[in-house]
Amino acid sequence: MLGYILKRLLAVVPVITFVAIFVFLLLRLTPGDPAAILAGDAATPAQLEKIRTSLGLNDPLLVQFGTWIGQLFRGDLGISLISNIPVSDMVGQRIWPTINIALMTIILSVLLAVPMGVIAAWKHRTWADYAVMSFSVLGFSVPVFVIGYIFIQVFSIELRWLPVQGYTPPTEDFGKFLSKAILPCLTLATIYVALIARMTRASMLEVLGEDYVRTARAKGVSETLVLFRHALRNAAVPILTIIGTGFALLISGVVVTESVFNIPGIGRLTVDAILARDYPVIQAMILLTSAIYVFINLMIDVAYSIIDPRIRY
Amino acid sequence: MLSFKEGLLDKTARSRGASTLRAGLIAGALLSGTGLATSAQAEEKVITAVMHSGLRVIDPVITTAHIVRNHAYMLYDVLIAVDENFTPQPQMASWAVSDDKLTYTFTLRDGLLFHDGAAVTAADAEASLKRWGVKDSGGQLIFDVTDTLTATDEKTLVWTLKEPYPPLIDTLAKQSALPPFIMPASVAATPATESISSFIGSGPFKFVEDEYQPGVSVTYEKFDEYVPREEPASWMAGGKVVYVDKVKWVTMPDSQTSINALLSGEVDYMEQVPVDLLPILESSDEVVSELRDPLGYQSIGRMNFLYPPFDDVKIRKAAMMAISQQDIMGTLVGNPDYYKICGAVFGCGTPLEDETGAETLINGGDVEAAKKLLAESDYDGTPVVLMQPTDVPSISAQPIVAAQALRDAGFTVDMQPMDWQTLVGRRASQSKPSEGGWNIFFTNWGVPEINSPLINPMLNGRGNDAWFGWPTDDALEALRKDFIKAETLDEQVAVAKQIQAHAMDVVNYIPVGQYLVPQARSTKIVDMLPSPVPVFWNVKKED
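Residue numbers (this note's numbering), protein chains in the order written: chain A, 1 to 313; chain B, 1 to 543.
Don't take each hint at face value.
[To be verified] Computed cross-link-like contacts, DSS-like style, restricted to lysine-lysine with a CA-CA straight-line distance of at most 25 Å:
#1 B:485 x B:162
#2 A:50 x B:432
#3 B:541 x B:45
#4 B:246 x B:222
#5 B:155 x B:101
#6 B:130 x A:50
Think of the hints as simulated: they come from the structure by calculation, not from any bench.
Just chain A, same shape as in the assembly:
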């Protein structure tokens, strides 16, 4: 297993290298000019040219690429062309809101969705099953910003229980963090609960018809044990996959939710950087996202073998 993990970690190198080259070239081929964005509307072409030169944008592509790769090897993500501050500082400021919201959302989703999916499969074709499936369809179908606005209207504007927007780090004020995180997490969880519950139900339906489940029941094992020890564990692989990829999606930024609830996460950072053609920030964010995906996929694979000992690498 350790060898496998090491091999997978080594495989990150070519993936990240490919992503780095691809992103660098793609950005330079994309129309747009960071100098024009930096200088504002009234700048003349001559002024823009001077700014381009001072930012190094007039250097040959190979020189620009070499500079960037050199910085990366030194662990330096570069300086934002627009804000003129280190990209690592910007990412450091913005990644924690995203991680905290993602963790809270995924925990909430798993706690709600897995029991819902198990119950739906157990009570197949009863009102409980229909209720869970109806919720799933609704969760998939309603756009996330609509759910967010409804929550805000009810809990913030009408009832005034929770704040509309914003983010406070848990280290600064845990109560404020919770109060501000509840609505965005509930909003995001609506989709993930729908997704995970549906996947849990489908997987459970498959295994509940298996011989070993029938045998367990015949031996008099309690229904709770049958469901959660025998069936759920065998149905867990696809559920785990969906949870893992969902978490990766959440970490890589949920820009709509971040916008609706004004959370300064990396989704907004990425979109703002793209709109401003802030190349070093975009490059850093895409590399970071790629690394997150590779890491989470690795974690999922490792988890497979823990849950199902038959899986060996």
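Chain B: place on chain A using the hints.
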């Protein structure tokens, strides 16, 4: 950082007693989070303002972005400032002009300090003005005729000219696009093409560096050592008296969220409210929406003079004739309370306002006359490449309405949707329209940025050195020189009238209307000044 998992799942939470206690604590904390409980922070007067854009650049010389200018007015001060009558007033300095009008002597007032405690000196002003003069178009004109600019002692700055330049004081007092803010000389030594990294100014607010998140939020705190002038505040001039401890600017990408936050009392002020969302605010007794910027924005269309069809003045005229300001403003804004039909290139409500030559624009357009003129011209059906930004609501409607008007007049229009930043990059291209260039685009300007021939970026006829579109127009340049020589407002108005007529005659650009942007504030915020730049001095926050 304490992770969420650590916070929620520690061992003590497993006992019932601890769980109950924790639930109580969390409930209490939730209440405090919503502002229902009192806190130590309540004693600190903080205004939270949702600004139109996030602050990402901190150098007010390198960019003309409004948010950076607004930030600079918090942090820095200016030698001379314009008041609500468009009259320059002493701010950091008084001035005297020699009889031959070649020497301007500025004397700094007493008590001026930078935020690090150092005294503001004439050497700081000299360095700041020289850096500004490299970048600002008005400043460049002054430095073209400058003999020397020298700090003769700690408080005296002497500016000598090779020839009289009557608009010098007006140029120094202007509030847009690049006002000459005064920085420490060491900061102003930064080349004008490189961004400064210092936050030291001498304005009424200090920058709270630890709380700065580019594009997200920026916090200013009262500079206790700032000495306001004694005159009442008026626009950018007068006494800048600060009554709050802190002002926090936040950016919210979603207007609906901003409005919800204002309604729930989480923020105190919203700089720009979309007109279509105003009815939501009207339902609240705790929020007021109002117009505080009396001038607003001029929306314009700019054509490329380098390539057919708009290298032909007759075709440019046909295009202008087809366009109706009413149609464009009606589509863009809708509510007539928030727009003006205005054909003045210097904007309506300004001293140089004049609408000569804009008759068809302000009277609903004349498609038949446009058709006739186009038929008489050499137009051969070449597609007009019209760039349409799709991601900025304040400039996405104009191209659509204009495209239809142009089609009605007989033009073939190739409207190309793109994001604003692509447009910004592409408009700098002098390639043929069929090879990545363009024929026409639309944008908006704050009226103080276009209200004089010396600062209006479009009214520059220096060909490749002109603003995008690159008109070569010697007659316009001659008129601008006449404007520089004009010594009185009456003389300036007379020249401005000629420039207006000329600009419309050659269709330098097409003003497509002037619109106003409402603001909103909590009723707890009182005494906000009317001003084209949102200012936070004189504002009070009631309990």
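Do the hints match the structure? See the list:
1. B:485 x B:162: It holds: about 14 Å lies between the C-alpha atoms, which stays within 25 Å.
2. A:50 x B:432: Holds, at roughly 23 Å.
3. B:541 x B:45: Holds, at roughly 7 Å.
4. B:246 x B:222: 6 Å, holds
5. B:155 x B:101: Satisfied, since the Cα-Cα distance of roughly 21 Å is no more than 25 Å.
6. B:130 x A:50: 17 Å, holds
Violated hints: none; the structure is consistent with every hint.
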